[in-house]
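Chemist: Let chain W serve as the given structure and place chain F on it in line with the hints.
One-letter residues, chain by chain:
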Amino acid sequence: MEHMIDIVTVLMMGTSLAVFGLRQYKLSILAYSLQTLLLVTVFLLLHVKYGAHELLIWSATAFVMKVVFVPLYLLRLVKKLGVVVEDEPVGGFFISPVVALSFSLAIAMMFYKVFMHFSLFQDDLPLFAASFIFMMGIFGFVLRNSFIKQILAYCLFENGIHLSLALMAYNSHELVEVGILTDAIFAVIIMSILAKRFHASYGSLDTSKAVNLRG
Amino acid sequence: MDILVLILIVPFVFGAIMFMMPLHFKVLQNTHILLSVIVSAILLSAVRKVVEGNELSFFHHYLFLDSLGAIFLSLIAITGLLVNIYATTYMKWELEEGHISLQEVKNYFALSFIFTWTMSLSVICNNIAFMWAAIEATTLASVFLVAVKKDKKSTESGYKYIVLCSIGLAFALYATILLFSAGNGKVEGEAMLYTTLLAHAENIDGMALKLVFIFALIGFGTKAGLAPTHTWLPDVHAEGPAPTSALLSGVLLKCAMLGLIRYYAIVANGVGFDFVQTVMLVSATLTLFVASFFLIRQHNVKRMFAYHSIAHMGVIAFGLGVGGAIGLFAALFHCAAHSFTKALAFCSTGNIAKIYGTKDMTKMGGMIRIAPLTAVLFGIAICSLVGVPGFAIFVSEFLIFKAAAIEGQYLLMGVFALALAIIFIADFSHFFLATFGKVEGQVVHNEEMKLSENLPLIALAILIVSFGIWQFDSFTLLLNESVKTIMKQ
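Chains as they are written, first to last, in this note's numbering: chain W, 1 to 215; chain F, 216 to 704.
Next comes chain W alone, as it looks inside the complex (with noise of 0.2 Å):
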């Protein structure tokens, strides 16, 4: 079980490599889900291993909501506005990730051994994943210039942030999970909202033709 929960929890952070790498939206998107679904396998097993039943609900829940629901209006979106690559990000399409990958790396290692101090579940591999996909979302907002890859990292930090949820505060009240989980799904409409809007007036969704309320 043990090893289970680790296999899976790298191969999620494998994911958010893809997520954040990967220059076809589509590809980058299908990425996420299998995340998501990597997401939800790593909360059963938890459940298996400490008998935690609220990780069930969750897992119910985060399938509906995020390996189902917002990849497929985010694969919507992308068909609706006819993109299929991503603008280049800042420092180009082979540095991003890297640098993403490094820093995130050692951020992850700054911090999961404090988180480990106060976790509920004490799984090392877990903790750390769940900063590093943090981090990675982080940096995705910084480095990737696509409005839609930045939704994106959004998603990627909610994951991190759902990870670490489970693994330090499984047994907080159940609408805790709900109001997190809505306020994420929430937040990917209304940025795709905006995108829709962004690519409208300017044409293409690089966020950093947005300069002119600078002053």
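Because the hints were derived from the structure by calculation, they are not lab data.
Check each hint, because a few of them may be wrong.
Unchecked claim - Once the Cα atoms are required to be at most 25 Å apart in a straight line, the calculated PhoX-like pairs of lysine-lysine come out as:
#1 F:Lys365 to W:Lys196
#2 F:Lys367 to W:Lys209
#3 W:Lys80 to F:Lys364
Only a predicted model underlies this, so the values are computations on that prediction, with no experimental measurement involved.
Modeler: What follows is chain F alone, placed relative to chain W:
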């Protein structure tokens, strides 16, 4: 029915009702005002119960209203109501000038209730994760109050707003999770409740609390506009409609600050006040000087006030940094004083933009002759913002000086005075540029607004002067009780 349940339901239902209203401006306008009055009455009746000494709590203590929350709830009620009334006038102008459609006006009114709902929820949450979710929801509810139009600038401001606030608040969520897990098993009762965590703060690991506070500062500080994560604020406040800017600056920033103050209280009682005060002072000093530096360079009246918002969040942080009973009292008083002042400031920019058709102050001038009442209201906002005696903000800034003097922090007094001096010079030079002399650009609307249109602004001006001169017993009671709660006395 419990008053907290009404707060939980009514604004949301009113938002839904507004969405279903017919597309008729007069109907929308009157309904919006009527429903806003009802919401404010409910919020104020909850505040009144707290003033009378009742403890409000609901749903296993997940929702509650203490004296600290009551201060901020009264800001949502009073500032929110006056700005919402002014919004009906502002939207009428926008509609007449063809800047906005009737459908967009309806959406705006409906969303403003959803926004009020999320802000009220953030104030009455005792569960820290619910509070985080509510604060995040304030961003989501207000994105389309900022990006009302579909043009480039509007879209860009909406984009920056949601992206930067979401990133910032993600750190606050980590603070929430870490605080829960650090407190779990160490506190008696549920470790997700603010009241439980505060009551047993000394049992929680000190190192964890320090990390929690840093994360909370990044998270809620981003939303509150503290430097260096303030960069979204000038763009968003400058681009949104005047009533939105007034609501964001006058009320929303304070809700984020309340989130930070709640963490401040828990961490301070866990690891001692020295740590949180030092961190707040560093953040406040950086915020004050960054804001005052950019303030000097601004000619766009809304951007100028946006940088003011940042500066005054720095003042609140400075009050929390100086600490002690007087410093905390001053910081909380400043929340109210700045709320009224900034609401008036941004609403007056709505009048000013109507007169000149621009927000550029170098193209204004002679406002005192064209629209004397607007010029006076604008002047009252400026006088309060720079801390002229007799206006609300003077009281809190004076108290911060007093708190620093009592603590023997003379260097801090000097730093604070220097920042305020820069703001003073920048503001009055801008004020004179717009108000006196000859008109530099064109005048689009060469007369004063109707008195009925200016009534909410006059009410805000009266509040600013009243709070600068009088001491309101019930408000002082709330402030004193809040200080005692934070200091656990």
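Chemist: Taking the hints in turn, state whether each one holds.
Modeler: Results for each hint:
no.	hint	result
1	F:Lys365 to W:Lys196	holds (10 Å)
2	F:Lys367 to W:Lys209	holds (10 Å)
3	W:Lys80 to F:Lys364	holds (21 Å)
In the structure shown, no violation is registered for any of the earlier numbered hints.
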